[in-house]
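Peer 1: We have chain A; now place chain B onto it with these hints.
Okay, here's what each chain looks like letter by letter:
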Amino acid sequence: GENVEQHPSTLSVQEGDSAVIKCTYSDSASNYFPWYKQELGKRPQLIIDIRSNVGEKKDQRIAVTLNKTAKHFSLHITETQPEDSAVYFCAARGIFGNEKLTFGTGTRLTIIP
Amino acid sequence: EAQVTQNPRYLITVTGKKLTVTCSQNMNHEYMSWYRQDPGLGLRQIYYSMNVEVTDKGDVPEGYKVSRKEKRNFPLILESPSPNQTSLYFCASSSPGLMNTEAFFGQGTRLTVV
Chain A
4 GENVEQHPST LSVQEGDSAV IKCTYSDSAS NYFPWYKQEL GKRPQLIIDI RSNVGEKKDQ
64 RIAVTLNKTA KHFSLHITET QPEDSAVYFC AARGIFGNEK LTFGTGTRLT IIP
Chain B
54 EAQVTQNPRY LITVTGKKLT VTCSQNMNHE YMSWYRQDPG LGLRQIYYSM NVEVTDKGDV
114 PEGYKVSRKE KRNFPLILES PSPNQTSLYF CASSSPGLMN TEAFFGQGTR LTVV
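If you read the sequences in order, they're chains A and B. Under my numbering, the first sequence has 64 at position 61, and the numbering climbs by one with no breaks. Under my numbering, the second sequence has 149 at position 96, and the numbering climbs by one with no breaks.
For reference, chain A alone in the conformation it holds in the complex:
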């Protein structure tokens, strides 16, 4: 089955700087890669996703890149703000018989004011 590894487990950055979280996956059939943000005491919520036919996707201050050959994808947050402090999870999923969403172990991001 799919295995998703996520690094780092904790990350502290100065407000205004950029943060990068990296994930690798094992199943070459996976073709959907979402990123979830979980604030303290709340449910995970989707912040951005990318499909395997796209190499990069951007939404304001967040972007995701995907390298299918190397089987890794990354989340980039620019101009970080205190409200970006949260736990971030990457995930991978296939289709048609492989719909299971496999999560990474999470990254606790702390923005230092």
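Treat the hints with caution; some may be incorrect.
What the hints assert, rightly or not - Derived pair list, reagent style DSSO-like, types lysine-lysine, alpha-carbon separation capped at 30 Å:
(1) A/K45 - A/K61
(2) A/K45 - B/K70
(3) A/K40 - A/K61
(4) A/K45 - B/K118
(5) B/K118 - A/K103
(6) A/K25 - A/K61
(7) A/K71 - B/K110
(8) A/K40 - B/K124
(9) B/K122 - A/K45
(10) B/K118 - A/K40
(11) B/K124 - A/K103
(12) A/K103 - B/K71
(13) B/K124 - A/K45
(14) A/K45 - B/K110
(15) A/K60 - A/K45
(16) B/K110 - A/K25
(17) A/K103 - A/K25
(18) B/K110 - A/K40
(19) A/K45 - B/K71
(20) A/K60 - A/K103
(21) A/K61 - A/K103
(22) A/K74 - B/K110
(23) B/K110 - A/K103
(24) A/K25 - A/K74
(25) B/K70 - B/K110
(26) B/K122 - A/K103
(27) B/K110 - B/K124
Please keep in mind that the hints were generated in silico from the structure rather than gathered at the bench.
Peer 2: Using the frame of chain A, we list chain B on its own:
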């Protein structure tokens, strides 16, 4: 409003006392699943269901049961809870396939087994 609703939000129980955590979604999603979240381990899938009357084990199914008698409901049953099932539980629903839509999560249920 599209949502996944779990109940209860918090539950403290004793070892061996059967309990059920309910999950309901109003988005007509085919795919529903249960996850447990533990520090340093991320979200691990317990059971999932592709559609009504179709359920299967995830990565950590031991000690849990599920049922899917209706499309909207997917309860999680702990027949004889043990302390190692103390965790934060999330139900999620989605409509996979060609569109690979996002998974929507419930509010979470924090379970403590003493």
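Peer 1: Next step is simple, just say for each hint if it's right about the structure.
Peer 2: Tested hints:
1. A/K45 - A/K61: Within the cut-off at roughly 25 Å; holds.
2. A/K45 - B/K70: holds, 27 Å
3. A/K40 - A/K61: The hint holds at about 16 Å.
4. A/K45 - B/K118: Satisfied, since the Cα-Cα distance of roughly 25 Å is no more than 30 Å.
5. B/K118 - A/K103: At roughly 18 Å apart (the allowed maximum being 30 Å), A/K103 and B/K118 satisfy the hint.
6. A/K25 - A/K61: holds, 16 Å
7. A/K71 - B/K110: holds, 28 Å
8. A/K40 - B/K124: holds, 27 Å
9. B/K122 - A/K45: With a Cα-Cα distance of about 28 Å, the restraint between B/K122 and A/K45 holds, given a limit of 30 Å.
10. B/K118 - A/K40: holds, 28 Å
11. B/K124 - A/K103: holds, 18 Å
12. A/K103 - B/K71: holds, 28 Å
13. B/K124 - A/K45: holds, 25 Å
14. A/K45 - B/K110: holds, 26 Å
15. A/K60 - A/K45: holds, 26 Å
16. B/K110 - A/K25: Within the cut-off at roughly 28 Å; holds.
17. A/K103 - A/K25: holds, 20 Å
18. B/K110 - A/K40: holds, 26 Å
19. A/K45 - B/K71: Within the cut-off at roughly 26 Å; holds.
20. A/K60 - A/K103: Status holds; Cα separation ~23 Å.
21. A/K61 - A/K103: holds, 25 Å
22. A/K74 - B/K110: With a Cα-Cα distance of about 26 Å, the restraint between A/K74 and B/K110 holds, given a limit of 30 Å.
23. B/K110 - A/K103: Holds: B/K110 and A/K103 sit about 11 Å apart, inside 30 Å.
24. A/K25 - A/K74: holds, 11 Å
25. B/K70 - B/K110: holds, 22 Å
26. B/K122 - A/K103: Roughly 20 Å between the alpha carbons, so the hint for B/K122 and A/K103 holds.
27. B/K110 - B/K124: holds, 18 Å
Hint check: no violations occur; every hint is consistent with the structure.
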